[in-house]
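From first to last, the protein sequence lines are chains X and A.
Everything in the first sequence is counted per the UniProt record's numbering, starting at 1 for the first residue and increasing by one.
Everything in the second sequence is counted per the UniProt record's numbering, starting at 1 for the first residue and increasing by one.
Simulated from the structure, these hints should not be mistaken for lab results.
Just so you know, not all the hints are guaranteed correct.
No copy is singled out in the list; a pair is fine if it fits within one copy or between any two copies.
[As the list claims (entries may be wrong)] Within a straight-line C-alpha distance of at most 25 Å, the following computed DSS-like cross-link-like pairs (lysine-lysine) qualify:
#, residue 1, residue 2
1, Lys-309, Lys-327
2, Lys-123, Lys-309
3, Lys-143, Lys-104
4, Lys-143, Lys-123
5, Lys-257, Lys-123
6, Lys-123, Lys-104
7, Lys-273, Lys-253
8, Lys-143, Lys-257
Note that the coordinates shown come from a computational prediction; the quantities given were computed from them, not determined experimentally.
Protein chains: 2
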Amino acid sequence: RCFHFCKLPGRVMGIRLLRFTSVVIIVLLLVAGALTALLPTIKDDKLPNSRREPKTQSQSALDSFTLIMQTYNRTDLLLKLLNHYQAIPRLHKVIVVWNNIGEKTPEEMWNSLGPHPVPVVFKVQTVNRMRNRLQNFPDLETKAVLMMDDDTLVSAHDLTFAFSVWQQFPEHIVGFVPRKHISTPSGVYSYGSFELQNPGLGNGDQYSMVLIGAAFFHSGYLEDFQRQPEAVYALIDETQNCDDIAMNFLVAKHTGKPSGVFVKPVDIRNLEKDTNSGYSGMWHRAEHLLQRSYCVNKLVNIYDGMPLKYSNIMISQFGFPNYANHKNKM
Amino acid sequence: RCFHFCKLPGRVMGIRLLRFTSVVIIVLLLVAGALTALLPTIKDDKLPNSRREPKTQSQSALDSFTLIMQTYNRTDLLLKLLNHYQAIPRLHKVIVVWNNIGEKTPEEMWNSLGPHPVPVVFKVQTVNRMRNRLQNFPDLETKAVLMMDDDTLVSAHDLTFAFSVWQQFPEHIVGFVPRKHISTPSGVYSYGSFELQNPGLGNGDQYSMVLIGAAFFHSGYLEDFQRQPEAVYALIDETQNCDDIAMNFLVAKHTGKPSGVFVKPVDIRNLEKDTNSGYSGMWHRAEHLLQRSYCVNKLVNIYDGMPLKYSNIMISQFGFPNYANHKNKM
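Looking at chain X on its own, in the form it has when it is part of the complex:
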């Protein structure tokens, strides 16, 4: 199944990728034809996203995802999380973006503790940059990327469900952490979360961004990211922050719709307190939030406009953990 995102050839896919895609499509059609003969009489009870396939290297590029996890100064957390994430259903491969410059990766230890369910690739970096994780890694074989911060633990149930949601909204950032911007009469934007006023006229709140530190998005956006104005890279490097805000701007500009779809996590945990390194993450810096407001305004200048759009859609998994999550008086 190809979604409308695929119809933008010049932007996302080179000719080689187009050829590869054509071959994949032909193979899929042949397989589909063969399967039709084997189908049981009840043909249409397709249960999207719930069939557990054997984890092999040949998993369809559309039906599996690549985990990209950047890490700095928290190798103990990284390894703990890898043990968890390596076993998530439909995971194809893990790419670890190694920002510990000059330090050996744990690859040897990793291999000695094999075999592992999926391949894990350690990408050694030369400079410790926040935007290292947004490279268009040649190791990427899947359409979907799952990006996780190296201190964030999301349950397998949440990830499996969110991946199935991404498959229904492949042009969006589908993730667990919503944020918003608000505009002010002066025209200056501010960045924040629930504590900021509701930007709408109706009731409830709205979000205009989904952070990529715990989200699925289309790998094509990594390719797109390589083609942004230099000023964007300069901004991210200057602040060592805001790569996620920049990605939301990119996606919103591309789709003309809200960049993200928020999936309410049942079990998401921040493990930063558990690290031995004493390093507790960039968001504890005093200037972190002010920087992000600064970034929003800079990006509006760079892109000559505010592309972010609001949404108030919150998605949960029906009947999970149990029926109580949708029971009502009727």
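Guided by the hints, dock chain A onto chain X, whose structure is given.
Same frame as chain X, but now just chain A:
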């Protein structure tokens, strides 16, 4: 002192016209300059679906909906509900399908208690049929229909939000009551709700229908419904039931996707206990659920296949009633 231009007598009228034109241009420039200063600085913060427009007959056909409410033997509930529903934002018109054969409608009383926010049309029926509400009423001017049972009270907040969701999923039945079918090894289907086993291989539950007694759907489906096999009408008339199951079959066949999108209601109430009529609704009949399983199997025969598809997407309104609905440990 006169300049060389004045020496040309034929140009006297020209001078006056020139002066007048200059004055007009200067005035226009001043007005344009003033308007520029008044323009809002933030142009692109469109908030889809949350701007409240004045309710007029000229409301865009895309931005308002028609309430269709069928009623039988519960006029007291009908009138109570009409007082509530007539004031829902974005409502264009109400169509009351009057199944009280031979009985006068409350139109006179309704008019004497005017004015009302929107027009209400009473459609007198000749036969008391469940499927009367699925006619392609010429009074329908909007793309969206809100169909409500005459004993169901859904809050304005829920309806406003669900309408905005329908606008994002216009080919689906967007509503508050999810149901499912399950298949059995014998090939016979069964109809039910949470009490039935989860049809999927993953965790949580799935639904394959959204009941139209509390839902938004595209008015085009009413047109489609007129073109179904005779056997469908016979089935609905025979059981005085299952019109909603038939609609879900229709929509699923049309889209090839799950027919419905479930929006979790914050405040939905069944008022049937409140009626003076003593009439408590069809679903209390002993055979009601068995009939619905029967209908599922009959419809599979009629349509030569099972078009219903499963979904586990549950949509809620972000930050409503308050932040607690998406707060987490992070």
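Indicate which option fits the pair Lys-143, Lys-104 if close means a Cα-Cα distance not exceeding 25 Å: within, between, both or neither. neither (30 Å within a copy, 62 Å between copies)
State whether the alpha carbon distance between Lys-309 and Lys-327 is at most 25 Å within one copy, between copies, both, or neither. For Lys-309 and Lys-327, only the inter-copy Cα distance (22 Å) is at most 25 Å; the intra-copy one is 32 Å.
Checking Lys-143 and Lys-123: alpha-carbon separation at most 25 Å within a copy, between copies, both or neither? within (19 Å within a copy, 53 Å between copies)
Copy assignment of Lys-143 with Lys-257, given that the CA separation must stay at most 25 Å: both (20 Å within a copy, 22 Å between copies)
If the cutoff is 25 Å on CA atoms, where do Lys-257 and Lys-123 land: within, between, both or neither? Let me know, please. Intra 33 Å, inter 40 Å, cutoff 25 Å: neither.
Please work out whether the CA atoms of Lys-123 and Lys-104 approach to 25 Å or closer within one copy, between two copies, in both situations, or in neither? within (11 Å within a copy, 78 Å between copies)
First find the shortest C-alpha distance between Lys-273 and Lys-253 inside one copy, then the shortest across copies, and answer within, between, both or neither for a cut-off of 25 Å. Classified as neither; 37 Å inside a copy, 52 Å across copies.
Could you place Lys-123 and Lys-309 in one of the four classes (within, between, both, neither) given a Cα distance threshold of 25 Å? For Lys-123 and Lys-309, the Cα distance exceeds 25 Å both inside one copy (34 Å) and across copies (42 Å).
Violated hints, listed in ascending order, are 2, 3, 5, 7; each of the other numbered hints is respected by the structure.
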